[in-house]
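Asker: Here's the letter readout for the chains.
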Amino acid sequence: MLSQDILVVGGGLAGLAAALVSDPQLNVAVLSKVHPLRSHSVAAQGGINAALGNNPEGRDDSWEKHAFDTIKGSDYLADQDIAELMCERAVSTIYELEHLGVPFSRFPGGVIAQRPFGGAGFPRTCYAADRTGLVILHTLYEQSIKRQVKFYNEWLVTKLVVKDGRCLGVVVYDLARGEVMPVKARAVIFATGGYGRVYQRTTNAFINHGSGIGIAYKAGIPLKDMEFVQFHPTSLYDTNILITEGARGEGGYLVNNKGKRFMEDYASSAMELAPRDIVARAIQTEIEKGNGFEDEYVYLDLRLLGEKKIKKRLPGIREICINFAGIDPVEKPIPIQPAQHYSMGGIDVNAQCASIVEGFYAAGECACISIHGANRLGGNSLLDTVVFGKIAGEEASKAVKGSKELKDDEKMLLDEALGMKKKIQEWQTKDSGERVHRLLNRLKVIMSDRVGMFRNKKDLSKAMEKISEIRDDYKRIYISGQCLRYSQELVNIIEFDSMLDLAEVITLGALNREETRGSHFRVDFKDRNDKDWLKHTLVTLKDGKPRVSYKNVNISKYEPKVRTY
Amino acid sequence: MEYIFRILRYDPLKDERPSFQDYSFRTEEKMSVLEALMDIRNEQDSTLSFRYSCREAICGSCGMVINGKFDLACRAMVDSLKAPVIVIEPLPNLEIQKDLAVNMEPFFDAVHKIEPYVFSKKQVLEKGHRIEDKEMDKIFQYINCVLCGCCYSACPVVSRDEKYLGPAALAKLYRFIQDPRDERPFSNWSRVNTEGGVWGCDTVFKCNEVCPKEVRPADGIEALRRKLVVEKIKRIFRFKR
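Quick note, the sequences are listed as chains G and B, same order. So for the first sequence, the working numbering puts the first residue at 1; every next one is plus one. So for the second sequence, the working numbering puts the first residue at 1; every next one is plus one.
No wet-lab data here; the hints were simulated from the structure. Careful, some of the hints might be misleading.
What the hints assert, rightly or not - Pairs of lysine-lysine, DSS-like flavour, derived with a Cα cap of 30 Å:
{"hint": "1", "chain 1": "B", "residue 1": "Lys121", "chain 2": "G", "residue 2": "Lys146"}
{"hint": "2", "chain 1": "G", "residue 1": "Lys542", "chain 2": "G", "residue 2": "Lys462"}
{"hint": "3", "chain 1": "B", "residue 1": "Lys122", "chain 2": "G", "residue 2": "Lys146"}
{"hint": "4", "chain 1": "B", "residue 1": "Lys121", "chain 2": "G", "residue 2": "Lys422"}
{"hint": "5", "chain 1": "G", "residue 1": "Lys146", "chain 2": "B", "residue 2": "Lys113"}
{"hint": "6", "chain 1": "B", "residue 1": "Lys121", "chain 2": "G", "residue 2": "Lys398"}
{"hint": "7", "chain 1": "B", "residue 1": "Lys138", "chain 2": "B", "residue 2": "Lys227"}
{"hint": "8", "chain 1": "B", "residue 1": "Lys30", "chain 2": "G", "residue 2": "Lys444"}
{"hint": "9", "chain 1": "B", "residue 1": "Lys227", "chain 2": "G", "residue 2": "Lys150"}
{"hint": "10", "chain 1": "G", "residue 1": "Lys312", "chain 2": "B", "residue 2": "Lys232"}
{"hint": "11", "chain 1": "B", "residue 1": "Lys232", "chain 2": "G", "residue 2": "Lys146"}
{"hint": "12", "chain 1": "B", "residue 1": "Lys30", "chain 2": "G", "residue 2": "Lys65"}
{"hint": "13", "chain 1": "G", "residue 1": "Lys312", "chain 2": "B", "residue 2": "Lys163"}
{"hint": "14", "chain 1": "G", "residue 1": "Lys146", "chain 2": "B", "residue 2": "Lys30"}
{"hint": "15", "chain 1": "G", "residue 1": "Lys551", "chain 2": "G", "residue 2": "Lys561"}
{"hint": "16", "chain 1": "B", "residue 1": "Lys82", "chain 2": "G", "residue 2": "Lys332"}
{"hint": "17", "chain 1": "G", "residue 1": "Lys466", "chain 2": "G", "residue 2": "Lys289"}
{"hint": "18", "chain 1": "B", "residue 1": "Lys122", "chain 2": "G", "residue 2": "Lys150"}
{"hint": "19", "chain 1": "G", "residue 1": "Lys457", "chain 2": "G", "residue 2": "Lys475"}
{"hint": "20", "chain 1": "B", "residue 1": "Lys121", "chain 2": "B", "residue 2": "Lys134"}
{"hint": "21", "chain 1": "G", "residue 1": "Lys289", "chain 2": "B", "residue 2": "Lys121"}
{"hint": "22", "chain 1": "B", "residue 1": "Lys234", "chain 2": "G", "residue 2": "Lys423"}
{"hint": "23", "chain 1": "G", "residue 1": "Lys65", "chain 2": "G", "residue 2": "Lys218"}
{"hint": "24", "chain 1": "G", "residue 1": "Lys430", "chain 2": "G", "residue 2": "Lys545"}
{"hint": "25", "chain 1": "G", "residue 1": "Lys309", "chain 2": "B", "residue 2": "Lys138"}
{"hint": "26", "chain 1": "G", "residue 1": "Lys311", "chain 2": "B", "residue 2": "Lys121"}
{"hint": "27", "chain 1": "B", "residue 1": "Lys227", "chain 2": "G", "residue 2": "Lys312"}
{"hint": "28", "chain 1": "B", "residue 1": "Lys30", "chain 2": "G", "residue 2": "Lys401"}
{"hint": "29", "chain 1": "G", "residue 1": "Lys423", "chain 2": "G", "residue 2": "Lys457"}
{"hint": "30", "chain 1": "G", "residue 1": "Lys407", "chain 2": "G", "residue 2": "Lys422"}
{"hint": "31", "chain 1": "B", "residue 1": "Lys14", "chain 2": "G", "residue 2": "Lys146"}
What the hints assert, rightly or not - In silico contact screen, one side only, chain G against chain B (beta carbon under 10 Å); selected entries:
{"hint": "32", "residue": "Phe68"}
{"hint": "33", "residue": "Ser105"}
{"hint": "34", "residue": "Ala113"}
{"hint": "35", "residue": "Gly316"}
{"hint": "36", "residue": "Val445"}
Remember, it's a predicted structure, so these values are computed and weren't measured experimentally. For glycine and all other residues, C-beta sits at the position ideal for the given N, C-alpha and C.
Looking at chain G on its own, in the form it has when it is part of the complex (with noise of 0.2 Å):
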C-alpha cells in the first residue's frame, strides 16, 4: 500500500506552500484532483495584502492597521488573534515570495507596487499586472521542482478515513488508471479549495466542488461558519468571470443605468472601495431597483484610466474581455454582475491548522480558523493560503516526527477502498435513474434562489426541502458510461455527495442565524446582534444529521462596533 509521512491534498497555492515548508526528511507527497498548475489559485488577480508601505500614500501603513482593516472588514466575526497572526506575518511572507521569483510589478525604486483594495485603509495590496495567482502559484510550483516533491497528479480523494479520533489516510480514484486505491499517511493535510460550483453563477473554476470540505464533514470533523459565502462584486456578466477589485482600486467606477456612481449611496466614503459584501450588495440593489441593464447588470468603467494604464496594470482583465465578452474596456465600459466567489467558512482548524482528528489539517480556502469572519477582504485570501499552508505543512512535520507510526491500521484503509469500488460497482451496474449534472444544475438553482445574497426564512427553509429532495434522488444516481478511465462522470457523481452536503449546511447555518452580518444578510433580521450572535456557527455530522453547535470569537483588542465606511 502507498504510504506517506505526510499527504498533502491539492495542488493549489495552500497545497505547495504546505508541502514546500515540510520536513525534507520525511516523505511527503501531493495528490491533487488536477495537475497543480490547473488550480484554482492560478485564477486569482489582483494582489495579496501586506503592509509594506512603499505606495507613497500608505507610508504610515503597518500590520497591526491591516489586522485591524480585516477584523472589521469580516464585521468582527474574525478570531482576532488569527487575523493579528497573518498580518503579522504578512511582510515577510511577501519578501519571501519575492526572493523565491514571484515577478511582482514595481514602483519607481524598484520596490514592489501596492495598489488600494476593498476595505482596506492603505493600498497595500501587492500584485504582478492582474495575474498575482498565476505568477505565484507557478513561482511556487517551481520551487517544487526544484525540491523534488512528489507529486500524484489526477487522483481524486474520496473519503478520509479515521480510526479512535486519528487520520489514518485518505482512499482516492486514480483517474489515468480508472482505480480506487487506499494510500497510508500519519499526516494528511486539506489544501483543497472552496465549493464555487454549488451555486450557478460563481467565479470558480468548473472544477471547484468542494468535495475535501465535504469529505471531511463525512468523517466527523465539524464545519465553521459556513453560512459565509462572499459574492465578488465584480464578475464579467453571463460568464462570471472574475474582473478583479484591483480594477476598481486601479480607479474604475460602478455607474448604473442612469450614469450615476451609486455607490455614493451605499458607502459615500470608500465608494467602489467598501468591502466586497457592501458593493455586492450594492450592485444587486441597483438592479433589482430597475437600476441596471436588462435587469442583470451594472457597468464597470475603466476608461477613465486610459489605454496605457489599462494594458499595464490590468492587462488580463483587456484579455478577459475581448475574449469572453467582446469588448475592449479601453473603449467601452465592462458589464458586470455579483457572483459566488469564496467561502469564509470550512473545515473547523485551530491556529496550528489542525482539526479534532489528530493528523488531520486543513489550510487555505477549505479552512475556517477563522481569519475572514463573515466577510473576507480582497487581497487576504493568497496570503491565507502562504501564510496557513506554511503553517500546516511545519505542524504537521513536527507531530509526525514526534508521533509512532501505526502498525495495524491498513485493513480499515483496504476495506474503505473495496466499500467505495462496491459502491461505484453499484452505480455501473444501474442502467437508469438519475444523472449527475441534472441534480447538480437542480442543486445550483436552489442554491442562487434561495440561499444567496439576500435571505430569509422562508426561501432558506424551503431550500433545506428541496435539498433533502435531490438528496432522495441521488440515491437513484447512476453512471451511464462503462470505461472509468478519465470518467468525469465518476469525478462528479463522487463529488456531488459533498455538494449536497455543503449545501445543507450552508443552507442550515443560514436559516439558523438569525441577523444580518457581512456576507449574510437576512431581510428578515437586518440588524447585527452581537449580544447573540457574535459567535461561530459549527455545523457536525453525528448518526447522519447535521447538528448545529456554536463557538465564541476571540475578541482580543477591538470591541466590535457598527461598520462605516
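Assemble the complex: chain G is given as a structure, and chain B must be docked to it using the hints.
Answerer: Chain B in isolation, oriented as in the chain G frame:
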C-alpha cells in the same frame, strides 16, 4: 444553429487506432467549445474524456486542435468558428491517454530539465530586491505562459526529435536568465547550446502562431541564441587577456 462535432476518440486499451466520432449539437447561445464538449459529454456520451478547469484561459488544461487551429477550448467560441462541422483533435506530439486527454509528461519533463526556478544564493533580503519595473517588463511576456503545451505540440522539431526541449521550456529558461534575481551560472544555461536546445529550432515560428497567451516563445529562443553567442565571444576575449 446545428453543428456536427467530429471528435477524435481513442482508448488505447480498447481501440486499435484513433477514429472520429460525430455528435450533432444544437445551440443558439454564445458558448465555448469547452462548454459544448461538456454538454455533449453530459447529454450524449459520458465516456468522452477531456481536461478542463478554469474556463477563463488561465489554467492551461484544455489545449486541443479545433478545426486545425491550436487553442484552449474554453476561449474558442463555437459561433466564431463559422463552420457547421467542428473537428476536434487532441494535442499532437503527445501520446493519447484517452480521447482528448494526452500524456503531458514529456512536455513537463522538458520544462523541468531547464531547472525552471530562480537561482539564488542569498538569504531572503529584508526589504526584497530592488528591481525597476522596466526590468520586470522584459520578462512579463514570458510569465504569461500557462504551460498549456500548445507550442510543444505544434512544433515541427519536437515531432521529429523527441530530445528537443521545445519552445515553452526554452522561453522559460530565457525568462529566468533575464530575471535580475537569477544567479544561474553560464555553465548551467549554456547546456542549451545544442541541437536539442536553442539550435534545434527551425525558426518557422509555429509556436508564436499557436500560443493562446501571446507569449511568442520563439522570441525567447532567438534571444537565447544571441545571448549565447555574445557570452561565447566575451569569454574568448577574456581568455586572451
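Asker: Would you mind marking each hint as holding or not holding in the structure?
Answerer: Structure-based check of each hint:
1. Lys121/B <-> Lys146/G: Answer holds: Lys121/B to Lys146/G is near 14 Å, not above 30 Å.
2. Lys542/G <-> Lys462/G: 23 Å, holds
3. Lys122/B <-> Lys146/G: 16 Å, holds
4. Lys121/B <-> Lys422/G: 53 Å, violated
5. Lys146/G <-> Lys113/B: Status holds; Cα separation ~10 Å.
6. Lys121/B <-> Lys398/G: 27 Å, holds
7. Lys138/B <-> Lys227/B: Holds: Lys138/B and Lys227/B sit about 14 Å apart, inside 30 Å.
8. Lys30/B <-> Lys444/G: 21 Å, holds
9. Lys227/B <-> Lys150/G: 34 Å, violated
10. Lys312/G <-> Lys232/B: Violated, at about 35 Å.
11. Lys232/B <-> Lys146/G: 28 Å, holds
12. Lys30/B <-> Lys65/G: 46 Å, violated
13. Lys312/G <-> Lys163/B: Roughly 37 Å separates the two Cα atoms, so the pair is violated.
14. Lys146/G <-> Lys30/B: 43 Å, violated
15. Lys551/G <-> Lys561/G: 20 Å, holds
16. Lys82/B <-> Lys332/G: Status holds; Cα separation ~26 Å.
17. Lys466/G <-> Lys289/G: 28 Å, holds
18. Lys122/B <-> Lys150/G: 26 Å, holds
19. Lys457/G <-> Lys475/G: Within the cut-off at roughly 28 Å; holds.
20. Lys121/B <-> Lys134/B: 24 Å, holds
21. Lys289/G <-> Lys121/B: 60 Å, violated
22. Lys234/B <-> Lys423/G: Distance ~67 Å between Lys234/B and Lys423/G Cα, so the pair is violated.
23. Lys65/G <-> Lys218/G: Measuring from Cα to Cα gives roughly 39 Å; hence the hint is violated.
24. Lys430/G <-> Lys545/G: Holds, at about 27 Å.
25. Lys309/G <-> Lys138/B: 17 Å, holds
26. Lys311/G <-> Lys121/B: Roughly 34 Å separates the two Cα atoms, so the pair is violated.
27. Lys227/B <-> Lys312/G: 27 Å, holds
28. Lys30/B <-> Lys401/G: 55 Å, violated
29. Lys423/G <-> Lys457/G: Roughly 36 Å separates the two Cα atoms, so the pair is violated.
30. Lys407/G <-> Lys422/G: 26 Å, holds
31. Lys14/B <-> Lys146/G: Between Lys14/B and Lys146/G the Cα gap is close to 38 Å, so the pair fails against 30 Å, i.e. violated.
32. Phe68: 24 Å, violated
33. Ser105: This hint holds: Ser105/G lies near chain B, its Cβ roughly 6 Å from the closest one there, short of 10 Å.
34. Ala113: 8 Å, holds
35. Gly316: Where the cut-off is 10 Å and the nearest Cβ of chain B is about 8 Å from Gly316/G, the hint holds.
36. Val445: 16 Å, violated
Taken one by one, the earlier hints fail for this structure at numbers 4, 9, 10, 12, 13, 14, 21, 22, 23, 26, 28, 29, 31, 32, 36, listed in ascending order.
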